[in-house]
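A.B. asks: Below, each chain spelled out in residue letters.
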Amino acid sequence: MKILVVDDSSTMRRIITNTLKTLGEHTIIEAADGVEALAAFKDHPDTGLILSDWNMPNMNGYDFLLKFREANREVPVVMVTTEAEKQNVVTAIKAGANNYVVKPFTPEVLKEKVGGFIK
Amino acid sequence: MKIVVATTAATTSNMIRGAIQQAKVQNCEIFEADSSEKMAAAISEDAVVLVDWDMDIALGTAFVKAAREASESVPILLLCPKQKAGTVFAGMQAGARGVVTKPFTAKELIQAVASSLKQAQGKRPTVNVEFINPFIESTRNVFSTMCQIEAVRKKLFLKDDYTMLGDVSGVMGLSGDASGSVVISLPAKLACTVVGRMLGEEPAAELTNDVCDGVGEVINMIAGQAKAALAETKYHFTISIPSVVSGQKHEITHKKGTPNIVVLFEAEGQDFAIQVCLAPNESNGD
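If you're matching them up, the sequences are chains A and B in order.
Quick note: the first sequence uses the numbering used here, first residue 7, plus one each step.
Quick note: the second sequence uses the numbering used here, first residue 2, plus one each step.
Be aware that one or more of the hints could be misleading.
[Claimed, not checked] Think about it this way: if two alpha-carbon atoms lie no more than 30 Å apart in a straight line, the pair counts; the simulated DSS-like pairs of lysine-lysine are:
no. : chain 1 : residue 1 : chain 2 : residue 2
1   : A       : K73       : A       : K119
2   : B       : K190      : B       : K156
3   : B       : K235      : B       : K190
4   : A       : K92       : B       : K235
5   : A       : K100      : B       : K156
6   : B       : K190      : A       : K27
For the record, the hints were derived by calculation from the structure and aren't laboratory data.
Here the structure is a predicted model, which is why all the values come from computation and not from measurement.
Full structure from sequences and hints, please.
C.D. replies: Dropping the structure here:
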């Protein structure tokens, strides 16, 4: 399965990737912001899951989610972000996020929140 | 004005005398103290204490502590050689308020002394403690959750100058019901350990771009979690994209006229600092 990891921090992309690797053999595609993520999905339309940060330069995760959902309602998107206020969680879910992980997180929490979307 | 120089080397006092003469400062008495007792006895209302940091760290720290015990308000500045910049944590924790890097020009010394006196004599702004606790809690939580490292809070103090205590600092701007910045400043070795633990990898041997990126993510998480906790009160913020500055004695400016609160932590046997400088906006009611 192809998984797109979107975060402006290369450290956070590696942390997420290292955790995803414990859930099986997957191809990880990385993007540093919403613009790169849209382009990456265009290049890899068979991507089966997207994990996206919220606060990023160029295009933030929320705007990416809105844009992405205009064309695709199928692929699950899990927000992985420091934006922990309830209002933000509700806003993201309304915009089409399938789940929400608040940073900081343990590998167990991340696995629990994304495990159901991994085939 | 009285400058009390705590040093065991006469060259330091001579350097300061030369700077004062060069700057043509009037009515300035310079008192050299080679023991804590002499120094404490010389501290008066209009004094500034300059502690020579080019000596044994324990002795330098003892000087700072004695000066702080002698007066809660006297400005204490460390005269620190560039190569010892990584050791100023101990002096700041003991009660110093700023650092002047050696070698210094007459202008740099006079400006630092004048600025510290002005701040000491002026009324200090009120510290809004409700801003601090969420950052202390989120720091502990980020370190334990992401790095399995216990961060122990050691001390809280105000810091006026812009020189950071660590070798690498992550900075986040906050705006909304209050505005300002939050900074984490770490010694290089601890930064490498923290980022290595986050990644589940061996720590890098020195500061790399990857380590700096990791420090940015650490402050992002600390600020984000504190922001969420503060949203439960009356303060709602938006946070910026983190930026990272590195290098010995690097400087990061903070909002003028707002208390810049430093929380000193210990982790893995090393000190690091969280610096919070936040002021409520006037439109925030009370």
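A.B. asks: Next step is simple, just say for each hint if it's right about the structure.
C.D. replies: Okay, the hints, checked on the actual structure:
| no. | hint | result |
| --- | --- | --- |
| 1 | K73/A with K119/A | holds (23 Å) |
| 2 | K190/B with K156/B | holds (21 Å) |
| 3 | K235/B with K190/B | violated (38 Å) |
| 4 | K92/A with K235/B | holds (15 Å) |
| 5 | K100/A with K156/B | violated (43 Å) |
| 6 | K190/B with K27/A | holds (28 Å) |
Hint compliance for this structure: hints 3, 5 are not met, and every other hint is.
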